[in-house]
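**Student:** Residue-level listing of the chains:
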Amino acid sequence: MPEADVVLDTTVESHFIPRPFRVLRTKRETHDVFTLELKPEDGSPLSFRPGQFNMMYVHGIGEVPISISGNPAKPETLVHTVRAVGGVTFAVRSIHRGDILGIRGPYGSVWPIEAAVGSDLVVVAGGIGLAPLRPVIYEALARRQQFGKLILLYGTREPEDIIFEKDLEEWRARFDFHVFVTVDRAIGSWKGHVGVVTGLLPKASFDPANTLAMICGPEVMMRFTAMEFLKLGVDPAQIYFSMERNMKCGIGLCGHCQFGPYFVCREGPVFPYPRLKQLMTVREI
Amino acid sequence: MIKIDLQVLGTLVSLLRKDGFRVLGPTVRDHAIVYDEIRSYEDLPIGWTDEQNNASYKLVPTEGKSLFAYAVGPHSWKQFLFPPESPLVRSRRTNGSMELSGAQQAPHVPLAFFGVRPCELHAIAIHDRVFLEGPFADPWYKSVREKLFIVAAQCTHPGGTCFCASMKTGPRATQGFDLAVTELPKGLFLVEAGSQRGSEMLIRIPWHPAEPEDVSEAERLFSAAATSMGRVLETDGLQQRLYANLSHPRWDAIGHRCLSCANCTMVCPTCFCSTVTDGTDLGNTDAQRTRLWDSCFTADFSYIHGGSVRPSIRSRYRQWMTHKLATWVDQFGTFGCVGCGRCITWCPVGIDITEEARLIREQTPEAQPTSQ
Amino acid sequence: METLKPILSQHPFFKDLQPEYLELVTGCASNVRFDADSYMFHEGEEAGHFYLLRTGNVALEIATPDRGPMVIQTLGEGELIGWSWLVPPYTWHFDARVTDLVRAIALDATCLRKKCEADHHLGYELLKRLTVMMEQRLAATRLQLLDVYGTNA
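Protein chains in written order, with our numbering: chain A, 1 to 285; chain B, 1 to 372; chain C, 1 to 153.
Please keep in mind that the hints were generated in silico from the structure rather than gathered at the bench. Among the hints, erroneous ones may be present.
[Stated by the list, open to error] Taking beta-carbon pairs under 7 Å as the criterion, some of the chain C residues facing chain A (in silico):
id	residue
1	Tyr21
2	Thr64
3	Pro65
4	Arg137
5	Leu138
6	Ala140
7	Val148
Given the structure is predicted, the values throughout are model-derived calculations rather than measurements. We put the beta carbon where it would ideally sit given N, CA and C, even for glycine.
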């Protein structure tokens, strides 16, 4: 039915059209996780806040939501860490330096770093969940004196699955940043901690009465981690998750990302725990 | 309020076409009343009524030459403002660069809807809220919607599955139209203008002033219609009751009946879910992204790496119904349901949303306040 | 040993234990130390003691033929190793390899079992504490079992 010729009302910007970004660098983090550094073809940097995501388009194949994993203070380079789990992300894995991807964004809600000022800040990451948290860690380190203790608890499946090794080494070397890494299981040569990331919580010394927790990882891991924080006496309103759902548009129009009354692309992906608590007890919601 | 007859109503159609509008309205096709292009008043379904019930729709000829003696059919107006298939983005890859451009194109001519029911006016207003009033608007929808001319038809013949009175969306509309028509017996129509454009249109047709008894007859018809609806849905406290009963056993019962065929979402005038598909030419140079209607009933609607969040039909039906009657209120400030009854009529196994809401309400103690 | 009582009373496991029971337990306690890379015990050996770690780290391992020893849990300061001493036939189900020099309090299993049989109140106090620890370990193990970081694809 739509026919040619009529000029569209361009005062309403079309958020359906991706912007081309060129791949500067690719880095293999693990066997199925890789990080891309991108630069916008039109030179206009993509400013974002930690916690936000972009819709990443691969020519002819499709679009997926990917959290931004770079430094918000350096928006000239866009950084995404991608895990190859399906059609589009498998295609992204074969991307080389010089290739072009389409980017729409940034979308979504942000990690409440302002609310953490003056408190201890505990960041808990599971698996690839460290990627959406890395921007808030960069920012917290840049504003270090505004927070009390700064703690990272990072759990993953096996030592080979640890991402951002270079960052972790640098972070561990600081005296004002406590970094604990654990794996679910390991072969004998691993010298570090083995056990679930929730087990690290009682060891990390922070003041439960004055702590803000940011948690990102598989839903099961986030739920159990929240329970541990609650057991230690942290106020539920001080706990934040980053949720994930199927997205086709990223802008609240396609309906796919609904989680109860929330559009994860719009009211999320970062949510305060009280909003999610009831919903997470309902199966298949 | 003015009064005209069927002939003059027909000239309204011609005037709109002369003004360059593509007039869309009800017409008979495939034993149903659907919405398609109307070239003259002869395309309109004169002398028809319908019998609608769970999983059943039947067109029946009437004795007189009434124009609007039926309720709504399987089509809704959403197919014109939110097309089932529309191109979105074009991507062209050449020599190491990528050109990305919008592929949405507004229709060649503006549209006029002829015979929009009050429930459907509410459905259009609901879509306005979704596609225009959120943080991100749809430019195609905006451009078509701005030029849209609406001739509403007030309802005097509620259908077998209608419940607009319960949803407070009918049988009479007071706003959202350029012109509104009320059919009286004896082939006469009361017409009122709802906008500047509407008033300007009325000046161009021959009319008589409506008599007080014409207006009271219309009022009587509306009152009768409001109390003879095919279905009733109690909306008081409905949202809270649904939120408190997300694990109610009734969902299991529905899950066993529902085929997950998505008919309800296709005929529903407010459903707006979509997906995007990708295609390229053989050389992978030119790629296109196309938006298609989608339905929360499809198995992979909620797919995230590894599996669907809602693998069971039970949970998908619950998603649809609680969206219409509970979460929509939190998202957009109104119910998502306008009481048109299409989902009841066109469900192949006859699931009735009003019945399910009633059963869930009756089979539970008073709702606990939700912790939303 | 008299000097171990204050150390025991400060260990989280014995928090709030009545002084007379602490006295009984101390009677079965001794100070031990294990060097890094040594094994505190091996799978199949008699569980003659259970250990309260004071400092250091221990990796609990299960030997597999194809992949060598798999570490299933690491434990550190303040944590407790072992409940096999309570469950017949009182043998260990895994290896415990010291990763960082360990100083621990070893509690003699035979001694403690005799005292628990003689005074059930003592037995109950110990079991109460052990059950909390077992519940935590079980919950953690279940989470590890879920392999939440793996892809189902």
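**Student:** All hints, please: hold or fail.
**Tutor:** Against the structure, the hints:
The beta carbon of C:Tyr21 is not positioned within 7 Å of any beta carbon in chain A (closest approach about 25 Å), and the interface hint is therefore violated. Because the smallest distance between the Cβ of C:Thr64 and any Cβ of chain A comes to about 9 Å, over 7 Å, the interface hint for this residue is violated. Contact between C:Pro65 and chain A, as hinted, is not supported at the beta carbon level, the nearest pair being about 13 Å apart and thus beyond 7 Å. For C:Arg137, the suggested interface contact is broken, since its CB lies about 9 Å from the closest CB of chain A, more than 7 Å.
With a least beta-carbon distance of about 12 Å to chain A, the hint placing C:Leu138 at the interface is violated under the 7 Å criterion. Interface hint status for C:Ala140: upheld, as the beta-carbon distance to the closest one in chain A is roughly 5 Å, under 7 Å. Using the Cβ-Cβ criterion of 7 Å, the hint placing C:Val148 at the interface with chain A is satisfied: the shortest such distance is roughly 4 Å.
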